[in-house]
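Number of protein chains: 2
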Amino acid sequence: MTELLLRDATVDGVRTDIHVRDGRIARIAPGIEAPGATVEDLGGRLVLPGFVDGHAHLDKTLWGGPWVPHSAPPGLMNKIRNGVVRRPELGIPSADYVTALLEHMVTLGTTHVRTHVDVDPEVGLASVTAVRAALERLDGRITAELVAFPQTGMLISPGTVELLEKALEAGVEHIGGIDPAGVDRDPVKHLDVVFALADKHGVGVDIHLHDRGTLGVFQFELIAERTRALGLAGKVTISHGFALTGADPQTRDKLIALVAEAGISLASTAPSPALPLRELNEAGVAVTLGNDGVRDLWSPYGTGDMLERAFFQAKHAGFSTDEDIALAVDAASLGGARVTGLGAYGVTVGAPGDLVVVDVRNSAEAVVLRPVRSLVVKDGRIVARDGELV
Amino acid sequence: MTELLLRDATVDGVRTDIHVRDGRIARIAPGIEAPGATVEDLGGRLVLPGFVDGHAHLDKTLWGGPWVPHSAPPGLMNKIRNGVVRRPELGIPSADYVTALLEHMVTLGTTHVRTHVDVDPEVGLASVTAVRAALERLDGRITAELVAFPQTGMLISPGTVELLEKALEAGVEHIGGIDPAGVDRDPVKHLDVVFALADKHGVGVDIHLHDRGTLGVFQFELIAERTRALGLAGKVTISHGFALTGADPQTRDKLIALVAEAGISLASTAPSPALPLRELNEAGVAVTLGNDGVRDLWSPYGTGDMLERAFFQAKHAGFSTDEDIALAVDAASLGGARVTGLGAYGVTVGAPGDLVVVDVRNSAEAVVLRPVRSLVVKDGRIVARDGELV
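Residue numbers (my numbering), protein chains in the order written: chain A, 21 to 410; chain B, 21 to 410.
By construction, these hints were calculated from the structure, which means they are not laboratory data.
Keep in mind that this is a model prediction, so the values were computed, not measured.
Even for Gly, the Cβ is constructed at its ideal location relative to N, Cα and C.
The reader is advised that the hints may include incorrect statements.
What the hints assert, rightly or not - A short, non-exhaustive set of chain B residues, derived as facing chain A with CB atoms under 8 Å:
(1) S319
(2) Y321
(3) V388
(4) L389
The shape of chain A in the complex, shown without the other chains (with noise of 0.2 Å):
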């Protein structure tokens, strides 16, 4: 396997050298000699973990197809059913634009994904089998875990549970959710199913919970009750979470207090407001962030950037100084590997070669600017340079 010897990089404001061997990161120290390593000269660069990107959807993008004006109708159910009709339409899913996608996500320095996928009675497995495809192009160049999402609704829908059994039994790592009360109309139910799946395949649990309100808290008790009670502290996350975005102080303190104590992880797309990302942090949640949707039939926006993701953070939390900010890109980085259970993760010996170089001074100015990333390694291999794949 290749080595690389990262030298003269800036890491977390010292300027020193990084050697990656098999893949991890074997030592950071200055004027380290590693004869036989390639040699990249960072010229005093800034060097981040790799990014991950925590809540994506990868089997819906238009990426590197025809634009597409939009054209859903305001309204969650309204654009679930814009996507069902439109999809056939459009050849989505698609391994060719998820390639894309995926290749775009590597330049921008983003080395690992979760990414939903849409489950349902229409599209059967073909949105797993897209994304597979993809991946196995990409050639470990970036990896993901997948999620079998009931886009469409899971009771509301017959033969979604089955299709997601099938797709559990299929190697997918995570069973979703959405809106167990606002769009599947019967939270409880909902969650037991969904929580009945974990249990019996042994997989994690990711729910969309747009919720807002009373209704989005009662849900937040109701996934904590099934995660204590089935011992999934660690393998259970909400996404979105809106009933916590611009909560009140004393809700957003017991929400935050019920997440912590059951190991509830939470995943960001950083609305405004954004999650009280520093509260979380002190009460030891894990938070990543993802880039969501980017460009489908849901919404035109989107870059795949963590980058402006921790921008977003940042920016609708109303951090400012460099240690807020630098909480934005830790959430882009480290936080999401917690959440998807990476392990030892960071520019830190015997973490994953995984590092995205940056022409920057310190990583809130790399939230502020979102330069071109200058070298992105993967498993200790050079990836991307100067945004462009190698």
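Guided by the hints, dock chain B onto chain A, whose structure is given.
Leaving out everything else, chain B in the frame of chain A:
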């Protein structure tokens, strides 16, 4: 003067050539012959009007200097005080920093700027001098108009009115104001002084109005009364106007009717929620977007990119269709031209040769991606290429 022929441009969805002569767009048609002209083959790339930044604070910037961690406590008055205290230590205003930022803005396709420039007893007219020195160095690659801006208050800061008048006598194009109630504590007197100066010196008015709610609405009314009384329709701008962003529908409609009738234009930095651009457009109100402060003592954020500002406007206003997103691009170019009184503007015969070329299919995609500017043309002269100053 040089002639420029842009061959195979996409303008409003149509492939065509653009001939720029004597600094103005002379012809737009396919297959133009222009012997002696510099020819640029755009290969179908999109041509947009040059961007107009209608609300900047060039004199405050630290662009091109050392990274300065943010230190201002929250709150408008705290930020004002922090700026005054730390300015000398950091060498602000600096013609070098202003030059660096203007050069960067040129590479991003901005062709004209309205910049507020601090005038107060501590700094005197040094900010005016610094901005003008920087503009001279830019040698016509970008143009600007100045607003003499009482950042530290006017009535509460003795000596400021006299300095503002000096600035106007020295040719500064507009008189500014700041929260006549919230900052200066006497809305009627503040506005009477500002409008008297405008009337006496024949200059435009551009007032920062952060005051929200009914206090903000009241000041919209006071400004409209004075605009009407002095016949200043078309020469008065309200910047920020937070009483309108996020207003309830009834207040929103009332304020829109008010500014439309009085001939007041609006400048927005596209906060969340954003100005109701669609409704303002329908009422015929001129709206410009602006980057506000870019990396200064007020905020570490800012890139100077007007396409990014259009993105914020579009995103924060909930725009998704191509038509809606195009409104934000128009505000970033045509709207700014209207507010700043540039006259005929746009990709149209007779308008100035102020153009931006981007490798996307339409203006919605330009907002979504905010790509490197392939070419920037100011007054018919190529001033930037592929993100680098020419």
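Hint-by-hint comparison with the structure:
Restraint check, B/S319 versus chain A: the minimum CB separation of about 6 Å is within 8 Å; hint holds. Against a cut-off of 8 Å between C-beta atoms, the interface hint on B/Y321 holds, since the closest Cβ of chain A lies about 5 Å away. For the restraint placing B/V388 at the interface with chain A, the shortest Cβ-Cβ distance is roughly 5 Å, inside the 8 Å limit, so the hint holds. A cut of 8 Å between beta carbons decides the hint on B/L389: the least distance to chain A is about 6 Å, and the hint holds.
When held up to the earlier numbered hints, the structure conflicts with none and fits them all.
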